[in-house]
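S.K.: Now for the letters of each chain:
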Amino acid sequence: MSQKVWKRVSLLLVALCIVLAGCSNNANNTTTTTSTNAGSEGAADSNASSDDSGEIKVGILHSLSGTMAISEVSVKDAEMMAIEEINAKGGVLGKKLVPVIEDGASDWPTFAEKARKLISEDKVATVFGGWTSASRKAMLPVFEELNGLLWYPVQYEGLESSPNIFYTGATTNQQIVPAVSWLLENKGKKFYLLGSDYVFPRTANKIIKEQLKAEGGELVGEEYTPLGHTDYSTIISKIKEAKPEVVFNTLNGDSNVAFFKQLKDAGFTAQDMTTLSVSVAEEEIRGIGADVLAGHLAAWNYYQTTDTPENKTFVENYKKKYGEDRVTADPIEAGYDAVYLWAAAVEKAGSTDVDKVKEAAKELEWDAPEGKVKIDGETQHLYKTVRIGEVQTDGQFKEVWNSGEPVKPDPYLKGYEWASSLSSGN
Amino acid sequence: MDVLILQLFNGISVSSILLLIALGLAITFGLMKVINMAHGELIMIGAYAAYMMQNLFQSYMPESAFNWYFVVAIPFSFAIAFVIGLLLETVLIRFLYGRPLDSLLATWGVGLMLQQLARTIFGAPNVGVTSPTWLDGGMTILGDVVLPYKRLFIIALVAVVLAAMYLYINRSHAGRRMRAVMQNREMAACLGISTRRVDAVTFAIGSGIAGIAGCALTLIGPIGPSLGTYYIVDAFMVVVLGGVGKLVGTVFGALGIGLSNTLFEYWTTASLGKVLVFLCIVAFLQWKPSGLIAMRTRSLD
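Protein sequence lines, in the order shown, are assigned to chains A and B. Take the first sequence: its letters are residues 1 to 426, numbered as in UniProt numbering. Take the second sequence: its letters are residues 1 to 301, numbered as in UniProt numbering.
No lab work stands behind these hints, which were simulated from the structure alone. Among these hints, one or two may not hold up.
Partial pick of chain B residues on the chain A-facing surface, computed with a CB cut under 10 Å [said to hold, decoys possible]: (1) SER64; (2) GLN115; (3) THR140; (4) SER194; (5) LEU217; (6) PRO222; (7) THR262; (8) LEU276.
Cβ atoms here follow ideal geometry from the backbone N, Cα and C, with glycine treated the same way.
Given these sequences and hints, build the entire structure.
M.R.: Next up, the structure:
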C-alpha cells in the first residue's frame, strides 16, 4: 500500500520536474531568440542601457504575425536597416546598437505586455513600434507609467500628445486637412466618406465633416465597413446613387484591395470620380494591382519617387538589402527616420536617459529621405511636407501637389477655427 | 428601379461567392462532421496557387498566352488544395473523427501554421494577381446597370462546380460509396468498402473545392496570408443555416445569407447589416435548430 503511494508521489515529482524543465527551457528560448546578439548574455542582467557596457539595447515592437503583419514587417525591416547603418558608422556614443525584436502579433494587449517586457526586463533605451492606433493606445499607459520612450511611425488621427511618445508619422493637419482643402479647390465640393469601422476613420471623418462645413463642401454620404470586409458591391451602388465628385477613402488593410478591384469592375474610372486614400501606399499598390489603381490619388508625406538625394540612397540601400522587388513607402520611411532622430538626440544629450533624450530632441533637425524634418518640442511630432500623389501604371506615385515647406504639426488642430468643437469634445 | 435590379444582382453575386467558399466546407463539415477551421487557409492556398500560375505564365509563356493562365489556374488550385487536404487528412484529421472539439482546436492550429508558412514563402504583404483582360469590364443592361463579367463568371463557375459535385455524389460509384460511408459507416465497412480511403478522398475533394474558391476570389478580393480568416465565419454560417449534411441546404443557405446581407446593407450600413443578418440566423436556428433542410437518417444522431 505504502509502496503504491510512494510510486504515485515519485510519478508526480517526475511530472513536476518535466513541467519545470519545460518552463525554464521556454524562458531560455525567449531570451536567446529575442536578443539577437548572442554575446550580450552577460549584459542582460546588468543595466544594458547604462554607460559601462559596450552596447545599447533598443526595442523593436511590430506585428510580425497576424493581419497587421502585412504592413508592419516592412517598417521593422527599415528600422533594422537604420540600426545597421548607424552601427556601421560606429554606433551611438561609440557603442553598438543591439535590437531586441518582439512580435505584437496584431493583438493590442500583446503590444502592452511586450512593451512592458522590453522596458522592465530588457531595459531597452527606447522602443520603435506600433502601427494601428489601437496598438499605440494600448502601449501608451505602459510607456507613461515606466517612463519609457516610444517612436511611433504611422500617420494617425491626431488629438494626442503623450510626453513619452515621439510621432514620426503625420498628424491630421499634415495629411487629411490639407488634402481636403486641395480636393475642394481642384476636384469638387460633393464628398463621400468611406472608411473602416474603427477609431482612425471615424475620428478622421469627424474632422473632415467639420472642415467641409467650414470650407463650403457638401457631404453626400458616409459609410463604414467592418475591418476585413471583402464585398463592396452594395457600397458601390450606394456611391453610384449619391453621385459624389470625391470619395475620401480611409479604408484600412485588405478592404482596399476588394474596394478598388470591385470599383473598377463596376465601371468607375479615376476620370469619372476622384478617390483620395490615406492608407494606400506603394506596398498596398502592389497587392491591389497598379492597373486597377492608376489615376487614383493618395495623400502622404513621402513617396518612393520623392526627389531628394537622401531618398535616392535610402531606396537604393533598401532594395539592395531586401530585394529589387521591394518598395519603400511613407510609414517605412517614417520608421527609418525615427531611428536616426533618436540616435541624433542621444548623441546630443550624451546619454540614453529618457528625460535627457527628450530635452535634446527638441527642435532637432534632420535631412530625411522626404526632405527636411524637425521635431516640434511642444508636441513631439515632426514638421513634415505634405504631398498629394497620383498612382501611375508602374505602381509608383507622381506628385501632383506639395505644401512647399514642412508643415508645423498641430495634433489638436488649435490653429483651425472650425475644429474648436473637436478637441474639447474628445 | 435600376438600383433594385443592381442590388438583386449583387445579392445573387454575393450568394454565389458564399456558396463557393461554403461548398468545400459542406463536404468536410457537413458530411464528415470535421469542424475544419483550416478551411479558410485551404482557400488561401488556392489563391496563392493562382498567383504562382500567373507568375509561371509571365516568366515562361509568350505574352499572348497570358490571358489564359486563369483557365489553367482553376484546375491547378484544385490540385494543390486537394493534395494538401489529402496530406492533412492522413497525418492529422483521421485521428480526430468523432471528436469535434479536438478537431476544432487542431485544425485551428493547422490554420495558423499555414498562415505563417504563407508569410514565410510569399512575404507578409499582399500579392497582386492581374485578372485576365477577357474578364475586365461588364455587361450594361437597361442603360445604366453594369453587371461585371467577373461576377458573372463566378456565378457560372459555381454552377459548374455544383453540377459536377451533384454528378459525382449521386451518379458515380465513388460518390455512392461516399454516401454509404457517411450515412452508415459500420454497414458500409461490412459491405467491403474501404472507409479509410473514402474518408481521405472525401476530405481531399472538399479541400480541392476550397482551392477553386480561392482561385476565383483573386478576381475580386485581396490575396494575402490572412485571406482565409475573412471567409471562414461566413462559410460556417452558410453550412449551419443550410442544414448539415445536405448540399441543397447549402445552396439555399448561401442564397438566404447573400440576399439578406445585400438588402440589409443597402437599407442600413455595412456593420449594422451584418449584425441584422446574424440576428436573423440566430432567430431562425432557434426555430429550426437543424437548419433549412434537415437530413433525415437514423445514423445521424
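S.K.: Hint by hint, say whether it matches the structure.
M.R.: Hints, one by one, checked against the model:
For SER64 of chain B, the interface hint is violated, since its Cβ never comes within 10 Å of a Cβ in chain A; the closest pair sits about 18 Å apart. Evaluation of the GLN115 of chain B hint against chain A yields a held restraint, the C-beta minimum of about 8 Å falling below 10 Å. The criterion of a C-beta within 10 Å of any C-beta in chain A is met by THR140 of chain B, whose closest approach is roughly 8 Å, and the hint holds. Annotation: interface hint on SER194 of chain B violated; nearest CB of chain A at approximately 40 Å, more than 10 Å.
Of the supplied interface hints, the one on LEU217 of chain B holds, with its beta-carbon coming within about 8 Å of a beta-carbon of chain A, less than 10 Å. For PRO222 of chain B, the interface hint holds, the least distance from its beta-carbon to any beta-carbon of chain A being 4 Å, beneath 10 Å. Interface hint at THR262 of chain B: satisfied, since its Cβ lies 5 Å from the closest Cβ of chain A, which is below the 10 Å cut-off. Annotation: LEU276 of chain B was flagged as interfacial toward chain A, and the flag is violated, the nearest CB pair being 13 Å apart, outside 10 Å.
Hints 1, 4 and 8 from the list above are not met by this structure, while the remaining hints are.
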